[in-house]
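Sequence order for the protein chains is A and B. Going letter by letter, the first sequence gives residues 1286 to 1590 in the numbering used here. Going letter by letter, the second sequence gives residues 1286 to 1590 in the numbering used here.
Everything labelled a hint here was simulated from the structure, so no lab data went into it. Nothing here was measured: the structure is a model prediction, and the numbers come from that model. Please note that a few of the clues may not be correct.
Any copy, or any two copies together, can satisfy a pair, since identical chains are not distinguished.
Here are the simulated EDC-like cross-link-like pairs (lysine to aspartate or glutamate), alpha carbons at most 16 Å apart as the crow flies [to be verified]:
no., residue 1, residue 2
1, K1392, E1379
2, K1428, E1394
3, K1549, D1473
Number of protein chains: 2
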Amino acid sequence: MTFAVTILGSNSALPILTRNSSAQILNHYNSLYLIDCGEGTQIQFLKYKIKFNRINHIFISHLHGDHFFGLIGLLSTYHLMDRKDRLNIYANPEIEELINFQLKVAKTELRYPLIFHPINSEKSEMILDDDKITVKTIPLDHKIPTSGFVFIEKQRDRNIKKEFLAIEKVPIHKFKSIKAGDDYINSDGKIYKNKDITLAPPKPRSYAYCSDTKYYEKIIPHIKNVDLLYHEATFMKDKERNAIEKFHSTTVDAANIAKKANVKKLIVGHYSARYKKLEPLLDEVKEIFKNSFLAEDGLTFNVDK
Amino acid sequence: MTFAVTILGSNSALPILTRNSSAQILNHYNSLYLIDCGEGTQIQFLKYKIKFNRINHIFISHLHGDHFFGLIGLLSTYHLMDRKDRLNIYANPEIEELINFQLKVAKTELRYPLIFHPINSEKSEMILDDDKITVKTIPLDHKIPTSGFVFIEKQRDRNIKKEFLAIEKVPIHKFKSIKAGDDYINSDGKIYKNKDITLAPPKPRSYAYCSDTKYYEKIIPHIKNVDLLYHEATFMKDKERNAIEKFHSTTVDAANIAKKANVKKLIVGHYSARYKKLEPLLDEVKEIFKNSFLAEDGLTFNVDK
Chain A
1286 MTFAVTILGS NSALPILTRN SSAQILNHYN SLYLIDCGEG TQIQFLKYKI KFNRINHIFI
1346 SHLHGDHFFG LIGLLSTYHL MDRKDRLNIY ANPEIEELIN FQLKVAKTEL RYPLIFHPIN
1406 SEKSEMILDD DKITVKTIPL DHKIPTSGFV FIEKQRDRNI KKEFLAIEKV PIHKFKSIKA
1466 GDDYINSDGK IYKNKDITLA PPKPRSYAYC SDTKYYEKII PHIKNVDLLY HEATFMKDKE
1526 RNAIEKFHST TVDAANIAKK ANVKKLIVGH YSARYKKLEP LLDEVKEIFK NSFLAEDGLT
1586 FNVDK
Chain B
1286 MTFAVTILGS NSALPILTRN SSAQILNHYN SLYLIDCGEG TQIQFLKYKI KFNRINHIFI
1346 SHLHGDHFFG LIGLLSTYHL MDRKDRLNIY ANPEIEELIN FQLKVAKTEL RYPLIFHPIN
1406 SEKSEMILDD DKITVKTIPL DHKIPTSGFV FIEKQRDRNI KKEFLAIEKV PIHKFKSIKA
1466 GDDYINSDGK IYKNKDITLA PPKPRSYAYC SDTKYYEKII PHIKNVDLLY HEATFMKDKE
1526 RNAIEKFHST TVDAANIAKK ANVKKLIVGH YSARYKKLEP LLDEVKEIFK NSFLAEDGLT
1586 FNVDK
């Protein structure tokens, strides 16, 4: 019943030895969703024992190198590993031409279907909706077209109470309608109200990824009340001017967004390479939003039911 | 007086945790020449303390990803580091379009001049010739256009013997011609033969890089007698068929080339990911060519004067 985010890269554009560039795995019941893919992401997979073949969907926020330079290497590795399963990439439309050109010069014809799903970064769209999860984009405010992503578990069926099944012989073909909320009428005509014979399912869990962006209140409706928010905090508050100039956020920006959106938990990351110690950043964030954590390469954040 | 090769990546295409994909630094008197640039090469720079700004020339053997996927990240990092010096890239002509397209989508205009020098992989050409070093290409036999490189130190001037300078007051403006090989006539008309008053300079050192290639005897004239040869050995000898099919070499191929070219020392590398322990590969190489060594990430091979 996992719903957990593993940080594979927590630094911004300039690389440092202890922090890779952006990449994360959302693990939902052992289906892995890759969010951004900076250079060296596949090496992080090896380091943190991420199973390559559990990934069928890759989401790229924008086409700055620290968010996608590892993608072509990963796609090539899947080819060499003889992958057969379809792989979906959700990204700015230009990525398709770029990847195809790279494959062309290497004379590589991928052994698996690679499907590009172009993102329109001007508006929020549902880009994935299967039986387990829904993913929507969040328009962000960065130097180039950029989208965040919000992942929401599908509402699960109600659970039929064991005590009820012990006293009533319910035909199996009725289970589905009861789980969906219907009352049950037994062969004697006795009516059981649904609320008396079922338990509500766990509330769907949600995760929002917002990187890169300047402070941008328009994202708030999209991330309202999420269980877990990752928001970039490239700079500390004394570098607010740098943040504005470079279309990035400060610690204070990230915390204010988390507070106004009433999220349950905040992770900050995408740190400027200038910060060797991160505790001072966390202190600034926590002053405004207490339930905050630092992204660090290899850390996993679980969202409980 | 350094002439040394540092291995930054010794594995072939599929990444493993302990061996990065291909990249090497040739250090010649603190000028660094980068040869190939697999994904994560800039992280290897940080790990092995390679000075980014000592590199002005980058040589890419061919456009398979494990030899160049780290290039765009490195170029972007130079941009972010505010590099001003001109950077030269020697590679297959298609790389220019590819890099420019990547920069375009990221809306990046590099802050430094980036000069592309297209390689014609069909023939051997001199691609760099400055006051310190000469670099020539070596056509290799691989699936796509591929070139090796041979680096040869420039012949240095003769050294004037200290004993001679102690007995004769030689005007400084005469030094250059004596060092170039001229005899010296003093103010009394006495003739000193050049061979009596100078010492021969050290023999120019040389390094050849041959990766990727199948066994290909046509490279021998280009690498004849070099001090140090890096030759790929993707497979052990029992996988000769794989090697031929994939246009790669075995341990035996590399050793035979080294022997026939009469090189002084051989390094093998570009190992298939299947080999966890490398000693068995070295054993096979040494059976044919004794002065052989394994490339391993972080190892430096010095060529003495």
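A quick look at each hint next to the structure:
1. In this assembly of identical chains, K1392 and E1379 lie within 16 Å of each other by CA distance solely across copies; the values are 12 Å between and 20 Å within a copy.
2. In this homomeric assembly, K1428 and E1394 come within 16 Å of each other (Cα to Cα) only across copies, at 14 Å, whereas the closest approach inside a single copy is 33 Å.
3. In this assembly of identical chains, K1549 and D1473 lie within 16 Å of each other by CA distance neither inside one copy nor across copies; the values are 47 Å within and 96 Å between.
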